[in-house]
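Engineer: One-letter residues, chain by chain:
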Amino acid sequence: MAGLVVLVTGVTRFIGSELAGRLARRPEVGRVIGVDAALPEPAARARMGDADFARVDIRNPLIARVIEAARVDTVVHASASATPASSAARSMVKEMNVLGTMQLLAACQRSDSVRNLIVRSTAAVYGSSSRDPAIFTEETPARSVPSSGPARDAIDIEAYVRGFGRRRPDVRIAVPRFADIIGPTVVTPLTRYFALSPFVPMVLGRDARIQLVHESDAVGVMEHLALKDFSGVVNVAGDGVLTLAQAIHRAGRLPLSVPAFTLGGISRVMRTARLGGFSPRQVESLTTGRVLDTTRLIERAGYQPHFSTVEAFDDFAAHLRPALPASTVRGVEKRITGTLGLRPERAGPNGDALLIGSGSTGPSAGRVGRSATLADPAVAGPLSAGRHSAASGGDVPEGDDRPDGRPRLVGITGDAAGPVRRRRTR
Amino acid sequence: MGSTETPGGGPTPATSATSGAARQPRKRNHAAPAAGDNRAGHAGDAGDQAADPGHGSAFADGLAGGVIPSGAVDVDRPDTDALPAPAGETGWKRSLAGGIAFLRRRMTGDYDVDDFGYDPDFTDNVLMPPLRLLYEKWFRIDTLGIHNVPDTGGALLVANHSGTIAVDAVMTAVALRDHHPRQRPLRMLGADLVFDTPFLGPISRKAGNTLACNPDAERLLSSGEVVAVYPEGFKGVGKPYSQRYKLQRFGRGGFVTAALKTGVPIIPVSIVGAEEIYPLIGNIKPLARALGFPYFPVTPTFPLLGPLGAIPLPSKWLIEFGEPIPTDGYGDHAADDPMVVFNLTDRVRETIQQTLYRLLLRRGHPFLG
Numbered sequence: 001m002a003g004l005v006v007l008v009t010g011v012t013r014f015i016g017s018e019l020a021g022r023l024a025r026r027p028e029v030g031r032v033i034g035v036d037a038a039l040p041e042p043a044a045r046a047r048m049g050d051a052d053f054a055r056v057d058i059r060n061p062l063i064a065r066v067i068e069a070a071r072v073d074t075v076v077h078a079s080a081s082a083t084p085a086s087s088a089a090r091s092m093v094k095e096m097n098v099l100g101t102m103q104l105l106a107a108c109q110r111s112d113s114v115r116n117l118i119v120r121s122t123a124a125v126y127g128s129s130s131r132d133p134a135i136f137t138e139e140t141p142a143r144s145v146p147s148s149g150p151a152r153d154a155i156d157i158e159a160y161v162r163g164f165g166r167r168r169p170d171v172r173i174a175v176p177r178f179a180d181i182i183g184p185t186v187v188t189p190l191t192r193y194f195a196l197s198p199f200v201p202m203v204l205g206r207d208a209r210i211q212l213v214h215e216s217d218a219v220g221v222m223e224h225l226a227l228k229d230f231s232g233v234v235n236v237a238g239d240g241v242l243t244l245a246q247a248i249h250r251a252g253r254l255p256l257s258v259p260a261f262t263l264g265g266i267s268r269v270m271r272t273a274r275l276g277g278f279s280p281r282q283v284e285s286l287t288t289g290r291v292l293d294t295t296r297l298i299e300r301a302g303y304q305p306h307f308s309t310v311e312a313f314d315d316f317a318a319h320l321r322p323a324l325p326a327s328t329v330r331g332v333e334k335r336i337t338g339t340l341g342l343r344p345e346r347a348g349p350n351g352d353a354l355l356i357g358s359g360s361t362g363p364s365a366g367r368v369g370r371s372a373t374l375a376d377p378a379v380a381g382p383l384s385a386g387r388h389s390a391a392s393g394g395d396v397p398e399g400d401d402r403p404d405g406r407p408r409l410v411g412i413t414g415d416a417a418g419p420v421r422r423r424r425t426r
Numbered sequence: 427m428g429s430t431e432t433p434g435g436g437p438t439p440a441t442s443a444t445s446g447a448a449r450q451p452r453k454r455n456h457a458a459p460a461a462g463d464n465r466a467g468h469a470g471d472a473g474d475q476a477a478d479p480g481h482g483s484a485f486a487d488g489l490a491g492g493v494i495p496s497g498a499v500d501v502d503r504p505d506t507d508a509l510p511a512p513a514g515e516t517g518w519k520r521s522l523a524g525g526i527a528f529l530r531r532r533m534t535g536d537y538d539v540d541d542f543g544y545d546p547d548f549t550d551n552v553l554m555p556p557l558r559l560l561y562e563k564w565f566r567i568d569t570l571g572i573h574n575v576p577d578t579g580g581a582l583l584v585a586n587h588s589g590t591i592a593v594d595a596v597m598t599a600v601a602l603r604d605h606h607p608r609q610r611p612l613r614m615l616g617a618d619l620v621f622d623t624p625f626l627g628p629i630s631r632k633a634g635n636t637l638a639c640n641p642d643a644e645r646l647l648s649s650g651e652v653v654a655v656y657p658e659g660f661k662g663v664g665k666p667y668s669q670r671y672k673l674q675r676f677g678r679g680g681f682v683t684a685a686l687k688t689g690v691p692i693i694p695v696s697i698v699g700a701e702e703i704y705p706l707i708g709n710i711k712p713l714a715r716a717l718g719f720p721y722f723p724v725t726p727t728f729p730l731l732g733p734l735g736a737i738p739l740p741s742k743w744l745i746e747f748g749e750p751i752p753t754d755g756y757g758d759h760a761a762d763d764p765m766v767v768f769n770l771t772d773r774v775r776e777t778i779q780q781t782l783y784r785l786l787l788r789r790g791h792p793f794l795g
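Chains as they are written, first to last, in our numbering: chain A, 1 to 426; chain B, 427 to 795.
Incorrect hints may have been included.
Facing chain B, a subset of chain A residues (Cβ under 10 Å, in silico) [claimed, not checked]:
#1 130
#2 133
#3 204
#4 206
#5 208
#6 209
#7 241
#8 245
#9 246
#10 333
#11 341
#12 342
Using C-beta positions, here's what the derived DEER-type ranges look like [what the hints assert, rightly or not]:
#13 321(A) with 622(B): 32 to 42 Å
#14 714(B) with 156(A): 33 to 43 Å
#15 559(B) with 327(A): 32 to 42 Å
Don't read these hints as lab results, they were simulated from the structure. Backbone N, C-alpha and C define an ideal beta-carbon position, used for all residues, glycine too.
All chains, please: the whole structure from these sequences, using the hints.
Structural biologist: Spelled out as structure tokens, the structure:
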């Protein structure tokens with residue numbers, strides 16, 4: 001067998017480029033063609049490894065010629081529901097996402113070589129309201145369907161994909177619905193939100209549950225779906241849940257609870273003061289939680305995420321400079337209890353490094369215990385490097401181990417040195 | 427559920443129906459079993475989890491004026507700064523240290539939240555203590571038949587609902603947490619209005635409650651949680667004082683369907699005393715509509731005395747947990763059979779109503795009991 005020919009879209013972004021690189025390293029894959037409308041930055045190009053790059057705007061019918069010429073049999077549309085890289089105009093983002101997908105699907109329909117189609121979708125299609133069940137399965141109907149915005153785009157994209165499936169029943173289609181993706185490398189509005197320092201605004205009186213996918217699991221799922229036999233819709237999320245305030249604290253920041261109507265003003269003030277930006281709409285969307293049931297991913301698709309929500313978040317937070325590090329809080333606690341003449345409490349059920357693997361409080365505690373230590377700067381370095389190699393099973397190239405002074409992430413998305421997460425050099 | 431996962435190796439492919447299992451929240455001992463403590467009727471939890479030396483509830487007990495057993499050493503976790511407590515360290519110091527430790531855990535985000543949002547650390551340390559005060563000192567609640575709630579596995583508690591606001595629900599949760607031999611946490615199903623409300627919504631989730639819908643109910647029951655439903659709903663809490671202790675309509679019987687599908691026993695619960703805490707003598711409908719409430723209550727103290735009207739009257743309460751009604755003998759498609767559902771609903775309702783009358787006779791005077 002000559003090997004699969006895979007087309008991956010969105011290779012200027014982390015997910016697309018990392019996926020292209022990983023697929024290119026697989027023995028069963030013969031050729032990988034990465035496409036995007038702009039040239040990838042050097043970091044992205046390095047991640048792509050042996051994959052070819054073709055500069056094609058998928059809104060252009062030229063994409064059909066590329067598929068035809070290369071005899072592509074697997075199309076992975078990784079840019080389908082990607083969050084906007086920078087503050088690009090909303091209409092521009094919608095064009096790229098929705099119209100690009102339509103054109104790509106038209107090209108696939110005309111092609112006789114395409115056998116597999118993976119289209120990235122998002123859990124935002126479920127909407128979130130107080131009338132929804134706490135946990136969504138793939139069959140749960142959305143009760144508050146968003147009428148505009150990225151969620152609406154994703155709903156439209158899924159509808160087009162379903163139509164394509166009816167016209168081409170011979171093509172295997174997999175649509176993963178991702179929870180928010182987070183990680184040390186990926187840049188999304190959510191990562192920028194958690195990087196605000198020292199205060200992170202939230203809506204007063206709300207504390208939503210959030211569920212996250214680690215960036216390497218996101219790529220891993222796309223790779224797995226591209227190469228295996230699963231077809232249908234599948235929820236993708238890490239195990240477990242954080243609340244928003246808890247996440248903000250874990251990142252070493254302080255939540256600033258404000259009434260919803262003041263968010264716009266605060267956003268403007270923070271932008272003017274160059275403290276970083278956030279979108280009030282995004283913060284409001286974080287008021288009702290949305291948790292996914294990933295049984296189908298684990299049992300039918302056969303992929304077990306390596307990172308739980310807490311582990312994914314801690315891996316991300318380990319690369320932020322905390323405004324209020326956990327070690328400081330513990331030190332203050334010790335000082336207070338010392339002054340008052342009290343015996344200090346143990347370092348909590350999860351904060352004890354000796355707890356890793358301890359069975360006494362249960363495996364869930366054990367897992368959180370391991371990740372709690374990641375947030376501690378003293379141990380984050382070797383542990384997070386170990387976690388990377390353990391998680392990716394050796395597929396990750398050497399460059400992923402964090403050396404000292406790792407390069408600033410200057411927009412592989414084309415951002416000109418925009419708001420950048422300050423990285424702690426170790 | 428937790429025992430299927432291996433520590434250090436990540437979760438095994440789930441046999442659970444939830445994303446990584448709606449994890450059983452790690453149970454915390456309220457008090458080290460052997461030492462004295464002044465919570466009425468508390469049976470120490472002998473074998474469940476490693477005893478935390480006054481850990482979770484130390485702060486709480488300090489507030490309630492309880493005596494904290496000190497000096498219990500956690501033998502499972504060797505810890506460099508956990509020396510055995512010096513003899514003679516008093517309870518308030520322990521509880522203060524516990525409180526500071528709680529704040530530290532909050533500030534570092536170092537606590538577990540399950541998939542529904544249940545936060546046992548917060549519930550046990552912040553919510554339970556004042557509710558416990560209400561339970562013991564204000565309402566002087568007597569709990570009967572707590573042994574009818576099974577020690578392990580799911581169970582569905584069905585209770586009458588009254589009292590303008592859902593105080594009876596939280597008192598049932600305190601009863602189960604404190605007086606059941608296994609100190610089981612109670613997960614309650616509430617209306618969407620609760621979860622829409624700022625502050626109350628997230629706090630309710632942190633206490634382990636979720637929306638009253640069949641998917642959530644079935645998920646919790648099949649994970650082995652004790653779930654409570656209040657089928658009278660707003661008709662129950664909002665019923666006028668003249669109709670006290672007359673059960674309202676029980677809805678469509680959705681709770682019975684959930685129990686039949688998961689095969690857990692239904693336990694009828696009768697709560698006497700909640701009707702008198704805010705005697706509802708009127709309802710301002712236009713105001714209710716304007717605010718989006720199902721009713722705007724008028725009681726002898728509210729809105730006359732303003733915020734002081736929020737203080738409930740100290741009636742004497744009795745909570746009785748009835749005999750469990752098994753649901754696993756009805757066959758495979760019983761949940762879809764309207765006759766089975768109707769009969770079970772009726773049986774539960776009758777049991778609760780009869781028990782209410784019996785308890786009312788037993789109680790005597792509503793306030794002096």
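Engineer: If a hint holds in the structure, say so; if it does not, say that too.
Structural biologist: Results of checking the hints against the structure:
no. : hint                           : verdict
1   : 130                            : holds (4 Å)
2   : 133                            : holds (4 Å)
3   : 204                            : holds (7 Å)
4   : 206                            : holds (6 Å)
5   : 208                            : holds (8 Å)
6   : 209                            : holds (5 Å)
7   : 241                            : holds (5 Å)
8   : 245                            : holds (8 Å)
9   : 246                            : holds (4 Å)
10  : 333                            : holds (4 Å)
11  : 341                            : holds (8 Å)
12  : 342                            : holds (4 Å)
13  : 321(A) with 622(B): 32 to 42 Å : holds (37 Å)
14  : 714(B) with 156(A): 33 to 43 Å : holds (39 Å)
15  : 559(B) with 327(A): 32 to 42 Å : holds (36 Å)
When the structure is compared with the earlier hints, no violation turns up for any of them.
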